[in-house]
Amino acid sequence: MTTNSARTGTARAGVVAAASPAAVAAAGDTGGTSVSLRDLTRAFGGTRALDGMSLDIAPGELVALLGPSGCGKTTALRIVAGFETADAGEVLIDGRDVSGVPAARRDMGMVFQSYSLFPNMNALDNVGFGLRLRKMAAARRRQRAAELLDMVGLAGQARQYPHQLSGGQQQRVALARALAIEPRVLLLDEPLSALDAKVRLQLREQIRSLQQRLGTTTLFVTHDQEEALSMADRVGVMRAGRLEQVAAPDELYSRPATAFVAEFVGTMNRLPGDLAGGTVTVLSAGVPVRDSGQAGGEGVLASVPDGPVDVLVRPEGLTVEVAEGGNGIVSARTFLGAITRIGVLLSGDTEVAVDVPSTAAAAMVPGTAVRVALAAVPVLVAPRKG
Amino acid sequence: MAALGERPGRRRSFPVWRWIILLIAAAYFLIPLYGALKFTGFSAFGTVVGTSGFGSSLWLSVRLAIVTTLITLALMVPTTIYVHLRLPRVRRLLESITILPIVVPPVVLIIGLLQIAPPALKESPYLLSLEYVVLAMPFAYRSVDAGLRSVDVKTLTEASNSLGAGWPLTLWRVILPNLSTAVLSATVLTVALVLGEYTMASLDLVTSFPVWIVTNDQTSAQASVASSLLALFVTWLFLMAITMIGTRQARRTGRGEVNLFSVTATTTQTIGESS
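If you're matching them up, the sequences are chains A and B in order. Numbers given in the working numbering equal positions in the first sequence, counted from 1, plus 1. Numbers given in the working numbering equal positions in the second sequence, counted from 1, plus 75.
Pulled out of the complex, with its shape left as it was, chain A reads as follows (with noise of 0.2 Å):
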């Protein structure tokens, strides 16, 4: 089990604020509200959908839950919300365990995947929904929920009905009415897998924008590595019911605690090699072993013996040039931008990704041989995989 302590969430550059200040404000800043997963366990049948999880989150922070399907992060994000019960464990709102407080009074604004706009009411309507069971004055009501359209573009909508809606602009609604009641912890279940690709990152940038305006404490579930890196403070990547590493997206990807995450984060290459006191023999280099820093998973050093092994490498962390005679030959050529990516069929039948500027790439067409190198930087070492 990894346990991380919170921290606070730093602000990120880059974002596009599509609220205007005065819709903001009419939000209201609702940060300042921690949550901790204690011990979470959860089983249905025989199955363990949660294993011991625990996960702070400090006031103001979004956490993405990261992991493949069935690794257990959206029972995580449910037991949170009310509408699971763990089998043991306990989850604190402000160090207060909430685990017998019914959902609708768990005062937490949550987003779904499908989309759950109540079809019998139009867009305004659903935002002032739980205002009105707020018992809020009709006039106010209206008001409030309009701000809160505006907030998320969508002032001229607010008179259609869902199935008037793009999926993109019914999420946006559901955020606004999450959102509606100043919850104190924001709940979002994949909310922008149903969208196509541009509508989605448009709509991850709104969410990221609003907020780190608002201050909500939110925890955010994906299987989408792109989206969890791109918006949360800090990504917690889940396996078979536990949390493999919760860390800051650049050290996430940069200083994985096992081979699973170093894996299911990024792209990552496995290279044979032979390990003997600390070096790795690898591509005919002698390259010494990075220490992940956590003890006791999968891949890091302190559990990997001497001998064989296999090393995992990032795209970017090789190196490839045309060479007559080289270590392998190209057998494939993806151009991605700025970079184009090279995969090379090595001796032994283990093909790799390089990264290569896009410049250099021109002369490595498949069928050229080249050579590929290991930059001389710490690797991460993992069990040799059968």
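Taking lysine to aspartate or glutamate pairs in the DMTMM-like style, the calculated list, with each CA pair at most 25 Å apart, reads:
# : chain 1 : residue 1 : chain 2 : residue 2
1 : A       : Lys386    : A       : Asp307
2 : B       : Lys229    : A       : Asp126
3 : B       : Lys229    : A       : Glu85
4 : B       : Lys229    : A       : Asp88
5 : A       : Lys136    : A       : Asp108
Hints are computed from structural coordinates only; laboratory data are not their basis. Computed from a prediction, not measured in an experiment: that's the story for all the values here.
Since the structure of chain A is provided, determine the placement of chain B on it from the hints.
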């Protein structure tokens, strides 16, 4: 160009076949009605309305339809929603139970019920309503079930809960309004069933409108046919009114229209799936 030339031809020929089928169907239904109308003459309608028992039997049938519909909806809507959300595993069992009234003959139902009904209820015509609830169950359940399948009830419920609404409010403000089409469809089918049911009413010695028509047939054939036609038009107008109300709301919220034919299609399909 040849392909382009063929398309308008296809477009023209398709409606022709539709019209032919429509005309055949219309003739099948309308010719007997025309024959009946010719047999009775318009003057018979005036006679029917003035005949003893017409108004009281029709009013009784309407009351039975209203009571039956209310009991049916009060029983079936919460039950079906609860099973959908909390007990999805017993959905098959519920489907099987609701088919029973179709396979058990009405005579068996009424004899069994008369054996166990309290004396006070036996003397009331509203005992029939309880029997009709059983008869309407397959149709009402399938209408509501189809409505629930067309809406993501679980997500809507959770969204409502997360915004602070408890169960009663969620049911009243979120789920029921989104089931209005299904509920209206169930209403249409239940009302149609009650207004046309003869066997149970006859065995129960209740003079509902269909029973009155058959009884009246023995005194005046023309008046009987006229009253049948009148009953048909009254029922048709009643169902059209319900359908129009439902369709107006359905168009506003983008949901399916209340339509007798589509309801029948959905019901048939669901029965087929479950068997």
